[in-house]
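Residue numbers (UniProt numbering): 1 to 516.
Honestly, the hints are just simulated from the structure, not real lab data.
Please read all numbers here as calculations on a predicted model, not as lab measurements.
Check each hint, because a few of them may be wrong.
Here are the computed distance ranges between Cβ atoms for each label pair [as the list claims (entries may be wrong)]: (1) Glu172 - Arg249: 16 to 24 Å; (2) Glu267 - Asn337: 55 to 63 Å; (3) Arg114 - Arg76: 18 to 26 Å; (4) Gln146 - Glu229: 22 to 30 Å; (5) Ala504 - Pro126: 53 to 61 Å; (6) Arg168 - Arg76: 44 to 52 Å; (7) Ala139 - Ala338: 51 to 59 Å; (8) Asp299 - Arg168: 42 to 50 Å; (9) Leu160 - Gly200: 53 to 61 Å.
Don't be surprised by glycine CBs; every beta carbon is placed ideally from N, CA and C.
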Amino acid sequence: MEPEQETDTEHRLQLYAYLQPREHHRTYLAIMRLFTSTLLADLSAGEVSSALAAAERDGRIDIGESHVDVVIPRLRQLVEWGNLVHGRRETIAASIAEFQQGSMRYQVSKLAVRVQRDVDELLRVPEGAREVSRELLPAIERGLVQLGETLATASARTQLDAGSLPARRARELLAERVTTLFLQHAELAATVRDFYAYLGQILTRHHLAPEEISGFRNLLVEYIQVVVEDVLRHTPKIAATLSALAGARSELLSLLRPAEQLGTAVERTRGRRDKDWQDLTDWFADRPGNPSQVTALRDATTRAIGALLATVRRATTGGGLLPSRRAELVRLAGWFNAASPDEAHSIYAAAFGMYSARNLLPAPEHDGDDEHTPWRDGPAVDVSVSVRGRGDRGARGRTSRIMDDPITEQGLLAQAREADERRESASAELAAAATDLDNVTLSGEALGAFCELLTLAMAQREGADDPGAATDQVRGLTLTLTPESGRTTTIRSTSGTLTLRDTAVGIARAEVRGAR
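Given these sequences and hints, build the entire structure.
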């Protein structure tokens with residue numbers, strides 16, 4: 001980009017500065033709406049202050065923002081950003097104060113009018129889907145046919161006498177048809193883009209309620225089918241007519257020449273440049289290496305239907321890489337909604353394992369030998385780039401070849417046997433201490449196994465007064481929790497003491513096939 005173009009781009013982007021969520025941005029927005037609400041608005045600071053008083057009373061701007069001493073710096077800032085320009089209308093002042101407030105007048109710039117118009121339109125747009133104006137397709141088809149006839153008439157009358165009244169009227173009718181054609185196509189293209197943008201936003205959601213799935217199914221299968229069928233039905237004739245007009249494009253543009261009094265630096269109406277017609281043709285007709293928007297619309301519809309089917313399959317079967325947990329989360333939310341503050345803390349701890357710092361639990365393996373180092377000063381956990389950047393634990397890239405390493409294999413098997421023996425020993429210790437749990441001092445391994453079963457049993461309880469149970473299917477060890485008022489259960493271990501109030505704990509072990 002050339003330096004001059006880059007400077008102009010930065011200057012134009014400054015026109016959006018007043019929309020940023022900063023201090024007084026509501027005042028700036030109210031001022032710009034005031035200047036764009038009428039044609040050729042030429043206002044002084046005092047007139048702006050009087051108009052803002054109503055917005056201040058309604059609460060649309062902060063208190064004190066309508067005072068003239070506050071309005072003046074706001075207007076100067078808008079001038080600095082390029083949204084307003086200084087007016088030139090002379091005023092007759094009755095006093096010095098009136099002269100100071102009313103001598104400087106302000107007008108809105110052309111680009112700022114367009115920015116504010118787009119902003120107001122954006123704020124009015126609802127969040128739902130936008131209806132596609134497919135009724136414009138037959139209108140575009142008829143307009144192109146009539147345009148070809150009008151072009152032939154205007155060309156013939158201009159060749160006879162360019163200054164005659166029939167020739168001028170033919171050129172005016174030609175300009176009318178061109179403007180109508182491009183306005184119709186602009187509206188059609190805008191509605192198609194907005195609709196498919198909304199559709200893409202919806203299809204990125206993985207978890208949908210059954211009523212949402214039904215609504216999106218009707219939207220895709222019925223509505224999109226009608227839209228695509230209409231587009232495909234009218235496109236061949238529109239593309240053929242545009243191809244026929246391509247040879248007479250230069251003559252058409254010469255008949256649409258702008259009035260001389262407008263000069264050369266003019267923002268032309270669409271349809272007055274060769275590029276406008278090429279863009280219109282490319283929207284309906286394919287070119288080598290450049291597919292049309294109609295082709296893109298058909299491909300997007302195919303992808304959308306495939307994505308919807310995948311969403312329905314995932315929601316109804318629970319399969320896929322990301323199984324739905326919606327039902328479980330809704331049930332958990334219901335528990336939280338009906339729970340008291342103390343019960344909510346218990347539910348949260350049971351569901352997510354986020355216990356308070358005062359809870360006595362076995363130390364994790366990585367710092368089990370160091371009881372005095374705070375967790376914040378302990379070793380850091382290595383988080384992979386995919387989890388840190390994308391929140392995704394899925395593997396990336398090609399799967400590496402599995403290497404045959406007998407030494408590592410035997411080492412891992414030995415570690416697994418050792419862990420299995422420790423677990424079996426802890427289960428046996430818990431089973432032996434079941435009859436006299438209050439008077440036995442457990443080892444760290446046994447307390448760890450006990451806490452695992454205790455957490456699972458608490459998670460199974462519907463409420464604080466309901467029993468709970470958890471079973472280690474491999475060892476056959478079952479732990480039961482029974483609410484019992486006044487009962488205190490104390491679990492002692494080499495790592496500390498665990499006290500359960502108003503709860504009776506039972507431990508039983510069944511014979512499991514294959515257990516040692």
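Item to check | Broken hints, by number | outcome: none
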